[in-house]
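The lines below spell out each chain.
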Amino acid sequence: MKPVHQAYLLQARQMQALSFSVHIPLVCFGIAFPAMILFVEWLYLRSGDDLYRTIARRWTRVMAALFAIGVITGTILSFEMGLLWPAFTSTFGSVFGLGFAIEGFSFFMEAIFIGIYIYGWDRLSPKAHFLSGIPIAFAGATGSLMVISVNAWMNHPSGFRLLDGKAVDVHPLTALFANSFLWPELVHMYIAGYIVAGFLLAGAYAIGRLRKYPIPPTRYERTALAIPLTIAALASPVQILVGDWAARDVATAQPIKLAAIEGLANTTKGASEHLLGWYTQGQVKYGIAIPKLLSLLAFHNPNAVVKGLDTVPADRQPPVNVVRISFQLMVVIGTLLALLGVVYLFVRIRRKRLPESLWFYRALAVAGPASVVALIAGWVTTEVGRQPWVVYKVMLTNEAVTGAGGIPVGYATLVLVYIGVGIGVAWILRRLARMPMDLPGAGGGLSDAERPSGVV
Amino acid sequence: MSVHLYELPLIFVLVGLVFYVVLAGADFGAGIWQLLAGRGERGARIRDHAHESISPVWEANHVWLIFVLTVTWTAYPIAFGSIASTLSIPLFIAAIGIVLRGAAYALRSGAASVREQGPIDTVFAVSSILTPFALGTMVGAIAARRVPVGNAAGNLISSWTGPTSILIGVLALATSAYLAAVFLAADAARLGERDLQASFRTRALTAGLIAGTIALAGLVVLHADVHPLYHRLLHSDALAALIISILAGAFTLELVRRQRFETARYSAALAVAAVVAGWALAQNPVLLRGLTVREAAAPHDTLVVVIVAVLGGAVILFPSLALLFRLVLRGQLDHGETLAPPAPMIGMLLSASAPGLLARAAAACLLAGFGFLTLAEAGWAHAIGVFALFGFMVCGFLADIPSQLAPFDRD
Ligand code: HDD
Ligand code: HEM
Ligand code: HEM
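Protein sequences, first through last, are from chains E and A.
If you read the first sequence in the working numbering, its first letter stands for residue 6, the second for the next number, and so on.
If you read the second sequence in the working numbering, its first letter stands for residue 31, the second for the next number, and so on.
I should point out that these hints are in silico values taken from the structure, not numbers from a laboratory.
C-beta atoms are modelled at their ideal positions from N, C-alpha and C, and glycine is treated no differently.
To give an idea of the chain E side of the interface with chain A (calculated C-beta under 10 Å), a few residues: (1) V9; (2) L48; (3) S83; (4) F93; (5) G120; (6) V243; (7) V247; (8) G411; (9) V414; (10) V426.
Pair ranges (Cβ atoms, derived): (11) R435(E) x L221(A): 28 to 38 Å; (12) V424(A) x H305(E): 26 to 36 Å; (13) Q19(E) x L359(A): 37 to 47 Å; (14) V424(A) x A183(E): 23 to 33 Å; (15) G411(E) x E146(A): 29 to 39 Å; (16) R356(E) x V424(A): 17 to 27 Å; (17) V33(A) x L421(E): 45 to 55 Å; (18) R224(E) x V424(A): 19 to 29 Å; (19) G70(A) x G411(E): 41 to 51 Å; (20) E146(A) x H305(E): 55 to 65 Å; (21) V352(E) x E407(A): 32 to 42 Å.
Chain A on its own, in the form it takes in the complex:
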C-alpha cells in the first residue's frame, strides 16, 4: 500500500479529526457531565471539577477543528464547498453551539454565585450536546454518500437525517461523554479527590459500555443504510482497524475498572483513532458521491506547499502541545497556592539620560519614515519607511513611559 501525494493532506485531516474527537470530544463530554451532575453541593463540585479541568486546554483543543477545515478547503476545495453547502444546516447548528459554548465558558469566570453559574452551565451543557451531535451527523452524511458534488446539490434536510447520520451523531455524544469521564477521573485522581474519582469512574464505565454498544449496533445500521461501506469495513484493511478499536475499547474499560486512569487516557484515544482509520480505509478512494480523493485534490503545487506547511507547523506545534499538557498533568496550571514573589531586581527602570536620547531617535525615525514611505516611490524605500515608523513608535514609547513610571513618581 503506497500513499500518493494527493492522499497525504487527507491523512493530515484525519489525524486532526482524531485529535479533535479525542481532545475536544472530552471537553464536550465535560459539558454533558455538567448537565447530568445533579443538584446540591455534590453536583456543584462535579460541575466545578469539569469546568476547571478543561479551562487551560479547551481553546487549543478547539483549534483542531479549524485545522481540519482549513486543510480541507485548501487541499480538497471542491469537496469542502460541496459538504459545507449541502450540510449547511448541521454546520450552522455546530457553529452556533460553538459560539454559545465559548461564550458560556468565558462568562463563567465572572459568575460570583452558584445562582449565576446555573444558567451559564446550562447553556454550556446544551451547546456541548448540540455541537458534537451536529458534527457527527455530518460525518454520517459523508459516510452514507448523501453529499453529491456541487453547490448545495444534495438535499438540505434528508442528507444529514438518515440513519447513519443519527447513529454517528449519537455515537459522537456517547464517545465524548466516555472520554470526558475517563479524563476527569484521571484529573480527580491526580488532585487526590477520592469521591470525584469514584463518581467519574462509575460514569466512565457506564458511558463506555453505552458507547461500545452503540458502535456495535451501528454495524447493523450500516448494513441496512450503506451496504457498500459495511461490506468494505468487514472485507478490507478496515477490518484490522475495527478489531484494534474493539480491543482497545475493552482494554480501556478494564483499565478504568482497575483505576489505571492515566493509561486509560491513551487506550481510549487509540480506540477512537482506530474507528476513524477504519472509516477512512473502508471508504477509500471515494471522498463524496461521484468524487474520488484524487479528483478532489488541489493542483500539485498547492498540495506540496500544504504538506510542507503542515509538517513545518507540526515541528512547532507538537512540542508546544506537549509543554501545555505536561504542565496540566503536573498540576502546574491548577488553581491553588501561590509561589513566593520574586526578589525585586532593580530599582530604576532606565537611566535618567536615556529618555532624552530616545526622544531624539524617535523624532529622527518619524522624519525618515515620512521621507521613505510618503515621498519616495520605490518598494524598498517603503519597506525602510515602515521600519522607521515602527522605530518611531518604539523609541517614543520607551522615551515617554519611564518618566511616567519612575520610582520618584510614587505616591
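Okay, chain E solo, but in the shape it has when bound:
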C-alpha cells in the first residue's frame, strides 16, 4: 500500500496508546489470576477447609468481570490493526499475522474453559472443576507468548525481505520465534503480570485492613492478603534481574532506543549513567552522573563504546525525554516494589507472621497502582523508544497509518466509552466486594467484627 498523508497521525498514536494502556493492566489479571485461584482451590481440595473455597469463589467472580473487560479491550486492539494501521497490516500481515492467528486459539481455550470454570462451581465434581481451570492458566501464558512475539518482531524484525514495498521470502516462524528479542520481553511481561495482579489484589485487602483498624483481620483476610502478596514479593526482585537482561538486549539490538533511555547524545567510550534529570540540548541536566556505569551495565565492560543519538539523523530519533522519564519511572517503582517485597519476606522469615506496621499496609495500598504505572511506563519505553519506526528500521509509523479521516472523532468516542467502562468496572468491583460472605459451616454466622471489610 502506498503511504498516505494523515493529518492526525499523533491522535492515531495516542488512540493506540490509550487502548493498550486500558488492555494491558487487565491482561495482567488474565496472566496471573487463574493460577492464583487454582492454587487456592487446590488448597481447598487438599484440606477441605471452606475458607479456601470462599476465597476462590469470590476471586472467580472478580476474574469473570475483569476477563469480560479484557476481551472487549483486546477486541478493540485487534480492530485497530485495521482501523489505524491498515498499511502496516497489509504489508506485514503475512509475516507477523501467524502470531495473532495462533493467539486466537489460545483465546478460544481461555474463553471456553473460563465459561466452564465460572459456571461449573457447584455443578461439576470438585476435581473436574479444578482441572477445567488449568487450560485457562495455560492459555494466559501462550496468549502472552504470541502477542509478545509480534511486538518483539516489530522491535527486532527478521524473517522476510522487502522488495518494492512488499514482503517477500517470508518465513513467519523464523520471524516470530527465532528472535532473541522475544525472550526477555516475554519473561519481563509475564512477571509483570504477577507483580501487578499480586500487588493490586493484596493492596485491596491492605486498604480493608487500614479501614477497620484496630480490629484485627480475620483469617479470611489474612489468607487472601498473604497469597497474592507473597507472589508479588517474590516476583518483584526477580523483575530487576530480568529488566537488566532486557536492557542488555536493547543495547545490542536497538542502540538508539538505549541512547534515548539514557539521554546519550554522542557515541561515548566508558559512558556514564545518569539518574533523574532532564534531557536538553544534547545532555542530561540536573541528573546524577555515575561514571562508566552505563557501559558496565549494558555491555559488562566499563570501557565499552555506547552508541549515541548522533548515529542517526534527527528525524530518526525518538522523543528522548518521554522515553527516558518513563524508563526511570519504571526502574524507580520497580526498585521500591522489590524493596517492599524484601521487607515482607524478611518479616515472614524472621517473625513468622504478617507485618503489623500500618506503614507497611499503606505502602501496600500504593504498591498496586504504582505497579500499573511501572507497567505502562515500561510499554511507553518500548513503544515510544522505537519511534519513528513501527517496524524497527523497516517501516515508519507514518507509512503505516490509515488514510481514512475521522480519527479525532473515533478517538474522542473511544475516550468517552472507556471512561464509561471504567466507571462501570469500579462499580462492579465495589459491588462484588460488598457481597455477603458465604462461609458455610464456619461455625454459624459471622459476627459483624468478622465481616470482611476488604475490597474483595
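With chain E fixed as given, assemble chain A with the ligands onto it according to the hints.
Chain A with the ligands only, in chain E's frame:
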C-alpha cells in the same frame, strides 16, 4: 472443482464466519429479544432467560470474530487493509458496540435490583443491534464490490450505505433474532419452562418468516445493485447452496412449529451456512474490486504455516467446544442447586520440615539465576537463569505459604 492452497485459508475464514453468524448471532439476537421483552414480570423473566442462556458461551462465541480477523490479515493482508480502511466507520461502530455489549454483560451480574438492570439491559440490547447491523453492512459492501484495493481508497460513506449493505445489515439482524429465538426456545424446553418455551416459539416463527422474506426480497435488491453477483448466484454452483438454504430454512420453521427445537438448532445453522457458501461461490474468484483471491494471498510459506496452525488448533478447539456445549446442553452450567461438598482429604498441607528445605532451594535458585542471567553472556546460560529464577519464585512461594495457612493458624 479443486481447491488451491491460496483458497484454503479463505475457506477457514468462511467457516469461522458461519460459526460467528450462528453462535454469536444467536447471542446478539438474545439482546434483541431483551429489548422487545416488554414490561412487567413476564418481560423480566424473558430478559433473565436470555441473559442466563448465553452467559457461559458468549465469550467463546465472540472469539470466532477474532479468528476471522486474524486469519484474514495473515493470509490476505492486502484485502484486510483495504477493507478495514475503506470500511473504517462501520468497523468502528461494530467495535464500540462490542465494547458496550461486553461491559453491559459484565456489569449485569453485579446489578442487585430490576431498577439497576434496566439501563444495563438497554445498553446491551442497543449494542446487540448496532454490531450485527454494522458488520452486515460491511459484508454487503464487499459483496457489492464497493471496496477497492488501497489504503482508504473507497468512499468512506457510500461504500457501506448502498442497498446491498443495508439489505445484509437488516438480514443479519433478522437472522440473529431468529436464531436466538430458536436457541432460547430450546433452552426453555430443556429447563421445563413451558411459558417461556411458548413465547420463544412464537418469536422464532415470526422472526423466521421475516428473515426468509428479507432474504428472498434481497434477490431483487441484488438484481438491481450488483447484477454480476445476482447472475452468478443463479447460474453457478451457488444455486445449489441457495436451494439448500431455502429448504433448510423452511424445514427449520416446520421443526419449530412442531416444537422439535434441538433439531431446529442444527437446521437453522445449516440454512445460514448455505447462504454464506452461496455468496462465496457466486463471488469467487473475486475478493475485492480488482483483486482476486489469488492476488490477495500471502506468500506460500505463510499460507502453509497458517493452514497447519489452524488445523492444529482445530484439533484442540473442537473437542473443547464440544465439551462446553455438552455441559451447557446438559444443564450442568445452569444456575441452581449445588453439589454436596467434597469430603475433606488431608488435614496438613505440607509436612513441617518441607518449608526449611524449600527456602534453601529458593535461595540456591536465586543465586543461580543471578549468575546465569545477569553475569553470563551466552544465550543458553540466560535460559538456565530464567528457569532458575522461576524456580526461586515457586520454591519461595511454597516455602512461605504453608506456614501462613497451616491449620494451627486457625482462629
Ligand atoms: C510491573 C511492571 C514492571 C517493573 C516493576 C519493571 N518493568 Fe521493565 N517493563 C515492563 C514492566 C515493568 C513492561 C511493561 O512489561 C515492559 C514493556 C515491554 C516489555 O517487554 O516489558 C518493560 C520494558 C522494559 C525495558 C525495555 C525493553 C524493550 O524496549 O524491549 C527495559 C530495558 C526494562 N523494562 C527494564 C526494567 C528494569 C531495569 C526494571 C527494574 C527495576 C524494570 N524494568 C521494572
Ligand atoms: C501490532 C501492531 C502495533 C502497532 C501498529 C503499534 C503502534 C503503536 C504506536 C504508533 C504507538 C504510539 C507510540 C507513541 O505514542 O509515540 C503505540 C503505543 C503502544 N504500544 Fe504499540 N503497536 C503495535 C503492537 C503492540 C504490541 C503487540 C504491544 C504489546 C504487546 C504494544 C504495546 C504498546 C503500548 C503499551 C503502547 C503505549 C505507549 C504509551 O502509553 O504511550 N504495541 N503502539
Ligand atoms: C497488539 C496487541 C494486542 C492485541 C491485538 C490483543 C488482542 C486481544 C483480544 C482480541 C483479546 C480478547 C480475547 C477473547 O475474546 O477471549 C485479548 C485478550 C487478552 N490479551 Fe490481548 N491483545 C494485545 C496485547 C496484549 C498484550 C500485550 C498481552 C500481554 C502479554 C495480551 C494478552 C492477552 C490476554 C492474556 C487476554 C485474555 C483476556 C483476559 O484475561 O483479560 N494482549 N487480547
